[in-house]
Amino acid sequence: MSGRKKTALLLASPWIVTLLLFWTVPLVYSFIIGFTDYQLLKGARWVGFSNYVELFSDEVFLASIKNTFIFVFGTIPITTVVALGLALLVNGQFKGRAVFRAGFFLPSITSMVVIALIFTSLYERGGYIALLARMAGLSPPEHGFLYNAGTALYSIMAMDVWMSVGYYMLIFLAGLKAIPDELYEAAEVAGASAVRQFFSITLPLLRPVALFIIVINSIKSFQVFVEIFVMTHGKFDTSTMVYFIYDAGLRTDFRLGYASAAAYVLFVIIALFSILQFYLMRRRRPLW
Amino acid sequence: MVSRAGTLRATGRYLLLSAILVIMIFPLVWMFRVSLMEPGSISGGSRFVEAAFTVSNFADLFTSGQLLRPLINSVIVGVMVTLGNILFCFMVAYSLARYQFIINKGLFATVIAVLMIPAHITIIPLYVLCVKAGIYDSYWALILPWLVNPIGIFLVKQYIESLPPAVEEAARIDGASELRIVFQIVMPLCKPALAVLAIQVFFTNWNSFLFPYILTLSDSLRTLPVALALYQGHQAVDWQHLMAGSTIAVLPVLVLFLFLQRQIVSGITAGAVKQ
Chain A
6 MSGRKKTALL LASPWIVTLL LFWTVPLVYS FIIGFTDYQL LKGARWVGFS NYVELFSDEV
66 FLASIKNTFI FVFGTIPITT VVALGLALLV NGQFKGRAVF RAGFFLPSIT SMVVIALIFT
126 SLYERGGYIA LLARMAGLSP PEHGFLYNAG TALYSIMAMD VWMSVGYYML IFLAGLKAIP
186 DELYEAAEVA GASAVRQFFS ITLPLLRPVA LFIIVINSIK SFQVFVEIFV MTHGKFDTST
246 MVYFIYDAGL RTDFRLGYAS AAAYVLFVII ALFSILQFYL MRRRRPLW
Chain B
19 MVSRAGTLRA TGRYLLLSAI LVIMIFPLVW MFRVSLMEPG SISGGSRFVE AAFTVSNFAD
79 LFTSGQLLRP LINSVIVGVM VTLGNILFCF MVAYSLARYQ FIINKGLFAT VIAVLMIPAH
139 ITIIPLYVLC VKAGIYDSYW ALILPWLVNP IGIFLVKQYI ESLPPAVEEA ARIDGASELR
199 IVFQIVMPLC KPALAVLAIQ VFFTNWNSFL FPYILTLSDS LRTLPVALAL YQGHQAVDWQ
259 HLMAGSTIAV LPVLVLFLFL QRQIVSGITA GAVKQ
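Protein sequences, first through last, are from chains A and B. Going by this note's numbering, the letters in the first sequence line up with residues 6 to 293, in that order. Going by this note's numbering, the letters in the second sequence line up with residues 19 to 293, in that order.
FYI, nobody ran anything at the bench for these hints, they're computed from the structure. Errors might be hidden in some of the hints.
Stated by the list, open to error - Here are the computed distance ranges between Cβ atoms for each label pair: (1) B/Trp158 - A/Trp51: 44 to 50 Å; (2) B/Val47 - A/His148: 24 to 30 Å; (3) B/Tyr32 - A/Leu136: 46 to 52 Å; (4) B/Gly193 - A/Glu187: 49 to 55 Å; (5) A/Lys11 - B/Pro206: 42 to 48 Å.
Source: prediction; values computed, not measured. Ideal placement from N, C-alpha and C gives every residue a C-beta, glycine not left out.
All chains, please: the whole structure from these sequences, using the hints.
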């Protein structure tokens, strides 16, 4: 081997080790034990597809899939639209825009555990959000928003939107900055209205950025866990897929094989969505 | 007339922006306010304004030692992981950016592949792996798996590719060794990218919950987010102390954010516009 080749390998070795030890081995291992009844402190027996069969008749698992889908498809459109709105509002030159940008962005770099703790209190029976709801003439749930199957998941989703819009706003802002001013100047000369400019210039040119945001946000959102763990422990119909994996594998019965099979179902769902999104991203003819 | 409509629109924009700002900031202000209330007091309604101020919650947390150990753990793990990523992401990125061997092209494909894999699906096997390797419930489990990350490699690789290779070639002609060129000439040139990387890694690690939680068991190994989440579970909710602990968890991030906003923002937007 040449000296340069050796150097190249040596420099790449931290990644090679991490890739093998902490990605390849775990992924292969959990794929295999997904076909066993491996339980901590007990042996493992080959059971074929029976974990997968059991999963799809396990009501808790099915509810977790349902909740994960509600979470993903409920939050992502709202987060994306609100983030775009915020980006448009703070775009351009005006006094104090740095303060607004920083303020909007701040929640997204705060620890999710801390945010979830704060909102656990805000959502309580006597908390500020119940107070606001009463002021708006609504009647908040008797025991607080998180102790009610009809409101718990949606309350967590609202918090998630609140927390992440500032982050995606920044990405939209970078996208807005990349649109050449000449386009707007030309549109101005041609007498196009602001609304027309938005739909004919801004929106089409932001399409790649918007899709990028949707892709990274959906990979993240399909794995929602921390807020469920802190705020409800999966109770009140809020269990999600990662919470189910944690609960089945590392909390109640330590059914590692069963939980690994569940993890692979989640993996396949996320992979399918990523492929679909990449397909949409590469399409020549835009959807809008 | 036009300027008056303009002023009206500007005022409207400020009003709207200020209203949103209140919504975005209030929960964090609330956290800080409750952390300064008497332990056991009620926090809702007008108490936000009326309640007496005290720093006793912070004092309690530090004297009881409940907070100090997790704080130290978070700092140790955060610093080690950040240093590891600076060194290792740079090494790997350099190899992938500058050496055009087939194996390197394959390795870059694996970086992109791992970037797309949802990390949380590995909680079960990583737990088993750490138990079997004897590093479960030790600092090693909190540090070793996270010493190099695909986003970091990607970020630094892009930066190295934007540097002109002329400097390295000149040094090579002068007879400098490969490793010397890599570490003494190129690495210092990458400081801006490595700063962005360091902040991103530190923030992610500082806020990380799931893996530190499942890979440790002893109280003495809990990081700050884990300690906070479990404290809430153990006690009948003691909001004042909990919010004091939360404030301490948020403070370093807040301070770094105020000073390093530019780097943080460029780290977030780096990959986005290229797409």
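Cross-check of the supplied hints:
no. : hint                            : verdict
1   : B/Trp158 - A/Trp51: 44 to 50 Å  : 32 Å, violated
2   : B/Val47 - A/His148: 24 to 30 Å  : 26 Å, holds
3   : B/Tyr32 - A/Leu136: 46 to 52 Å  : 26 Å, violated
4   : B/Gly193 - A/Glu187: 49 to 55 Å : 50 Å, holds
5   : A/Lys11 - B/Pro206: 42 to 48 Å  : 24 Å, violated
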